[in-house]
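Every letter in the sequence shown is one number past the one before it in this note's numbering, and letter 106, counting from 1, is 106.
Please keep in mind that the hints were generated in silico from the structure rather than gathered at the bench. All residues carry an ideal CB built from backbone N, CA and C; glycine is no exception. Treat the hints with care, as some may be off.
As the list claims (entries may be wrong) - Lysine to any residue pairs mimicking SDA-like chemistry, simulated, CA-CA at most 20 Å apart:
hint	residue 1	residue 2
1	K99	H151
2	K99	P38
3	K99	V160
4	K99	R61
5	K99	S59
6	K99	V47
7	K99	F127
8	K99	E140
9	K99	G64
10	K99	I159
11	K99	F161
12	K99	A32
13	K99	V150
Claimed, not checked - Label pairs and their in silico Cβ distance ranges:
hint	residue 1	residue 2	range
14	V47	D132	13 to 21 Å
15	H151	W71	32 to 40 Å
16	V47	F123	30 to 38 Å
17	E76	H151	18 to 26 Å
18	C80	V145	19 to 27 Å
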Amino acid sequence: MERFAGFLALSLTLLSIPIDANAESRREGRHAYLFVAPGVLAAGNFVTLEGGGGFEWISERGLGIGVDGSWMSSPECFPCGFMTGSLDASYHFVGRARKLAPFVLGGVGCAFTFEDAVPAVSFGGGFDYWFDNRRSFRLEVRDRVYGEGVHSLGLRLGIVF
């Protein structure tokens, strides 16, 4: 649990960094996002539901870095799940006039249970559909590989603000 507290403290510190006030460059810069993600764990043997959020910073060239955290569990027993956290690098195919902006990402993280933390690597991609320079809809597919090769594949549906 101490590891999660450190991850949460880092996330809150990053969120306190001032936002660039230039609305024209809002697609670049700092963003927060929230998501829900139906998925499968370990080759389709276990259906999952995940909910969470994160923070990312995207440069003018489209390179990004982000952190996110979520709660993953079975839809039948949402309190029976575990926390996940990750640090991700991404590349966003940005353009000021582009409404549909695809991206790819990869990262490292952990699944936190009450007794242990299991390391993970993740990779995926998706797109942001920008309504304006401040808000977008996000669709993302992400695969996490935990410890001894257990895969967790999720379809993230979310909003960016």
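Right, here's what the structure says about each hint:
1. Simply put, K99 and H151 have alpha-carbon atoms about 32 Å apart, too far for the 20 Å limit, and the pair is violated.
2. As the CA atoms of K99 and P38 are separated by approximately 25 Å, the hinted pair breaks the 20 Å bound.
3. At roughly 13 Å between alpha-carbon atoms, K99 and V160 fall within 20 Å of each other, so this suggested pair holds.
4. Proposed proximity of K99 and R61 is supported: the alpha carbons are some 17 Å apart, at most 20 Å.
5. At roughly 17 Å between alpha-carbon atoms, K99 and S59 fall within 20 Å of each other, so this suggested pair holds.
6. Distance restraint check for K99 and V47: the Cα-Cα separation of roughly 32 Å exceeds the 20 Å cut-off, and the hinted pair is therefore not satisfied.
7. With a C-alpha separation of about 10 Å, the suggested pairing of K99 with F127 holds against the 20 Å cut-off.
8. This hinted pair checks out: K99 and E140 have alpha carbons roughly 16 Å apart, not beyond 20 Å.
9. With a C-alpha separation of about 18 Å, the suggested pair K99 and G64 falls inside the 20 Å cut-off, and the hint holds.
10. For the suggested pair K99 and I159, the alpha carbons sit about 14 Å apart, so the restraint of at most 20 Å is met.
11. Taking the CA atoms of K99 and F161, the gap is near 15 Å; set against the 20 Å cutoff, the hint holds.
12. This hinted pair checks out: K99 and A32 have alpha carbons roughly 18 Å apart, not beyond 20 Å.
13. Between K99 and V150 the CA atoms are separated by roughly 35 Å; this puts the pair beyond 20 Å, and the hint is violated.
14. The hinted range of 13 to 21 Å is not satisfied by V47 and D132, whose Cβ atoms lie roughly 35 Å apart.
15. The hinted range of 32 to 40 Å is not satisfied by H151 and W71, whose Cβ atoms lie roughly 19 Å apart.
16. Between V47 and F123, the C-beta spacing of about 21 Å breaks the proposed range 30 to 38 Å.
17. Hint check: E76 to H151, Cβ distance near 21 Å, so the stated range 18 to 26 Å holds.
18. The given range of 19 to 27 Å is respected by C80 and V145, whose C-beta atoms sit roughly 22 Å from each other.
Violation of the numbered hints given earlier is confined to hints 1, 2, 6, 13, 14, 15 and 16; the remaining hints are satisfied by the structure.
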